[in-house]
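A.B. asks: Sequence:
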Amino acid sequence: MNTREIMDESYNLRVGVISDGKYGERAFENIKKRFKASWIKVPDIPLNVILDDDVEMSIPDCDMYISYVRHPDIITQLAELQKPLILGVLPGYGLYEQAKRLNSHVIHAPTMCSLENNTGIDEIDLFTSFYGNPIYNTIINQSGFVEEIEVKRSSLCGSSEAGARFLINKQFNEENLQNFALRVCHECRAPRFGKTCDKEVAGIIHLVSLFDGISSEIYLKLNDDLKQFISRIKNDYITRKKNSKLN
Numbered sequence: 001m002n003t004r005e006i007m008d009e010s011y012n013l014r015v016g017v018i019s020d021g022k023y024g025e026r027a028f029e030n031i032k033k034r035f036k037a038s039w040i041k042v043p044d045i046p047l048n049v050i051l052d053d054d055v056e057m058s059i060p061d062c063d064m065y066i067s068y069v070r071h072p073d074i075i076t077q078l079a080e081l082q083k084p085l086i087l088g089v090l091p092g093y094g095l096y097e098q099a100k101r102l103n104s105h106v107i108h109a110p111t112m113c114s115l116e117n118n119t120g121i122d123e124i125d126l127f128t129s130f131y132g133n134p135i136y137n138t139i140i141n142q143s144g145f146v147e148e149i150e151v152k153r154s155s156l157c158g159s160s161e162a163g164a165r166f167l168i169n170k171q172f173n174e175e176n177l178q179n180f181a182l183r184v185c186h187e188c189r190a191p192r193f194g195k196t197c198d199k200e201v202a203g204i205i206h207l208v209s210l211f212d213g214i215s216s217e218i219y220l221k222l223n224d225d226l227k228q229f230i231s232r233i234k235n236d237y238i239t240r241k242k243n244s245k246l247n
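Anchor point for the sequence shown: position 13 equals 13 in the numbering used here, and the numbering is continuous, going up by one each time.
Hints may contain errors.
Said to hold, decoys possible - Straight line, CA to CA, 30 Å or less: simulated DSS-like cross-link-like pairs of lysine-lysine: (1) Lys241 <-> Lys83; (2) Lys100 <-> Lys36; (3) Lys100 <-> Lys242; (4) Lys22 <-> Lys100; (5) Lys170 <-> Lys221; (6) Lys36 <-> Lys83; (7) Lys170 <-> Lys100; (8) Lys32 <-> Lys22; (9) Lys227 <-> Lys242.
Stated by the list, open to error - Have a look at the derived ranges for each label pair, beta carbon to beta carbon: (10) Asn173 <-> Pro60: 18 to 28 Å; (11) Thr239 <-> Pro43: 36 to 46 Å; (12) Tyr219 <-> Met57: 19 to 29 Å.
Since the hints were made in silico from the structure, they are not lab data.
Glycine included, C-beta positions come from ideal geometry on N, C-alpha and C.
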């Protein structure tokens, strides 16, 4: 499928963003620019309340859903819809395993910006052609300044674009790259909830994506200190990915 066909198909994908009111609004605002998106509000129930019965929810029919719900019982109920489901919030890995047993089309990642379009689930792979692990095309001029950054795939929260805007017309050096990662972390909307979201990882993911977007010709012209910095960041990312249950 070529780029034009992917873009044409994306406009017909119906994406339901489900929230209990705490998280997900910025993602919804970005998603609706590309897809037919619905904002779906469900009850905000305290986590210490154990539900004996299913919660009454009005869930419109969509091709796939993204859940920012925090209560485990409601997350389980959403998995039972048997639709492709991305868990944007996860209280714990055990719940993910439980949801996967109920619905093989449930996925999660350490951060929403580490989502890849290789799940084998058509709806999610179409969605993650546009949102997920960022893809940059970075152009550095002869003077070592960032001339242009094309964001070919973005994080859901928009931190990919914020980081790119920060680097434009700045020298491509370690200090500015560290500040690029900090800008991404500042804009990141990974929930401070559970043990599977990590803003620092989001910064590292964006750095690695930025480095991957540099041509080999430009890379060879970088000084040795900068090459060593890039190598350290990439090795750090590989280590973190290996240590994560959700990779």
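A.B. asks: Are the hints correct? Go through all of them and say.
C.D. replies: To see whether the hints hold, each was checked on the structure:
no. : hint                         : verdict
1   : Lys241 <-> Lys83             : 27 Å, holds
2   : Lys100 <-> Lys36             : 26 Å, holds
3   : Lys100 <-> Lys242            : 21 Å, holds
4   : Lys22 <-> Lys100             : 24 Å, holds
5   : Lys170 <-> Lys221            : 17 Å, holds
6   : Lys36 <-> Lys83              : 16 Å, holds
7   : Lys170 <-> Lys100            : 44 Å, violated
8   : Lys32 <-> Lys22              : 19 Å, holds
9   : Lys227 <-> Lys242            : 23 Å, holds
10  : Asn173 <-> Pro60: 18 to 28 Å : 49 Å, violated
11  : Thr239 <-> Pro43: 36 to 46 Å : 40 Å, holds
12  : Tyr219 <-> Met57: 19 to 29 Å : 50 Å, violated
Consistency with the previously given hints fails for numbers 7, 10 and 12, ordered from lowest to highest.
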